[in-house]
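For the first sequence, the UniProt record's numbering gives the first residue as 1, with consecutive numbering after it.
Since the hints were made in silico from the structure, they are not lab data.
Watch out, some of these pointers could steer you wrong.
Stated by the list, open to error - Derived pair list, reagent style SDA-like, types lysine to any residue, alpha-carbon separation capped at 20 Å:
1. 115 with 99
2. 31 with 51
3. 52 with 15
4. 31 with 20
5. 67 with 102
6. 44 with 29
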Amino acid sequence: MGKAPCCDKTKVRRGPWSPEEDILLINFAQKHGTGGNWMTLPQKAGLRRCGKSCRLRWMNYLRPDIKHGGYTEEEGYIISTLYKTIGSKWSIIASHLPGRTDNDVKNYWNTKLKKKVTTIAEDTEASQTPTPAIDHSIDQSKTFISELLNDLNEVSSKSSPGQESSNINIPDWFAYENGEMNTLLWELGFASSSDTSMQEIGDHIGGDSSMASIGSLWSFSETMPQSSATNELYI
DNA sequence: AAGTTGGTCAACCGCAGGTGC
DNA sequence: CGCACCTGCGGTTGACCAACT
Numbered sequence: 001m002g003k004a005p006c007c008d009k010t011k012v013r014r015g016p017w018s019p020e021e022d023i024l025l026i027n028f029a030q031k032h033g034t035g036g037n038w039m040t041l042p043q044k045a046g047l048r049r050c051g052k053s054c055r056l057r058w059m060n061y062l063r064p065d066i067k068h069g070g071y072t073e074e075e076g077y078i079i080s081t082l083y084k085t086i087g088s089k090w091s092i093i094a095s096h097l098p099g100r101t102d103n104d105v106k107n108y109w110n111t112k113l114k115k116k117v118t119t120i121a122e123d124t125e126a127s128q129t130p131t132p133a134i135d136h137s138i139d140q141s142k143t144f145i146s147e148l149l150n151d152l153n154e155v156s157s158k159s160s161p162g163q164e165s166s167n168i169n170i171p172d173w174f175a176y177e178n179g180e181m182n183t184l185l186w187e188l189g190f191a192s193s194s195d196t197s198m199q200e201i202g203d204h205i206g207g208d209s210s211m212a213s214i215g216s217l218w219s220f221s222e223t224m225p226q227s228s229a230t231n232e233l234y235i
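Let's have the full structure, built from the sequences with the hints guiding it.
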């Protein structure tokens, strides 16, 4: 048995939203919030739209905290780095960029960054010299890594409940001494210099850069498409 | 000036996962 | 436990616009 469609497509409006429709949705959201049922919202709000369409319009465009366009170099860098690290998990990537939506981030990557990154990769390959990363403060890098680890740990715990860290294959990079790790972090642009240590990062994360947290990260990363560059995936 | 091409981005589609009955 | 419904997500499409020929 096929899945029932979410709405009758012959009875709902489709395509671009008119200003009038936007106003109806905004007014309804301001009065009643959007926490209820999206499927019944259109009727209550007086909209001839599918609930999914209303949700998408609100989440991606009408929310008051949304930023449109004007991506900074910093944001572009974060998107590129996260994409290399976790792949097309747009919602996770967007959660690291206040005011940005998954759709917006995805569009920005597909239309601008993908080409840029490909070009840089080709240039780098041609010249055999690493492309210098954008300069970041150590604090920014630590915060960034800490948040990323939290997110990945959360996803990992959901995707493989009960998995013991002892059963996890520890990647090569984990065996790195601080020196190699520093270099790796620097190469990936997580640090502005080579003086960020795993201990510092561990302290920042909460005094625990142990096998368990790193291991859960690895168990998560095992489900990810592997990068051709061996050191890109594992942070 | 008209036609073509390429870039951008809002919106749609289908699927997966969560939840309640 | 199985089903139906709802939400969220990622991939894709298509309309619009600017740049180019």
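Proposed proximity, residue 29 with residue 44 (alpha carbon, max 20 Å) | holds (11 Å)
Pair hint residue 67 and residue 102, alpha-carbon separation not exceeding 20 Å | holds (12 Å)
Assess, step by step, whether the Cα of residue 52 is no farther than 20 Å from the Cα of residue 15, and give holds or violated.
-> Given that 20 Å is the threshold and the Cα spacing comes to 13 Å, the pair holds.
Is residue 115 close enough to residue 99, meaning Cα to Cα at most 20 Å?
-> violated (24 Å)
Taking only the CA atoms, is the gap from residue 31 to residue 51 under or equal to 20 Å?
-> Roughly 17 Å separates the two Cα atoms, so the pair holds.
Below or equal to 20 Å on CA atoms is what counts here, so check residue 31 against residue 20.
-> Given pair residue 31, residue 20 holds - Cα atoms ~17 Å apart, limit 20 Å.
Comparing the model with each earlier hint shows a violation of hint 1 alone; every other hint is respected.
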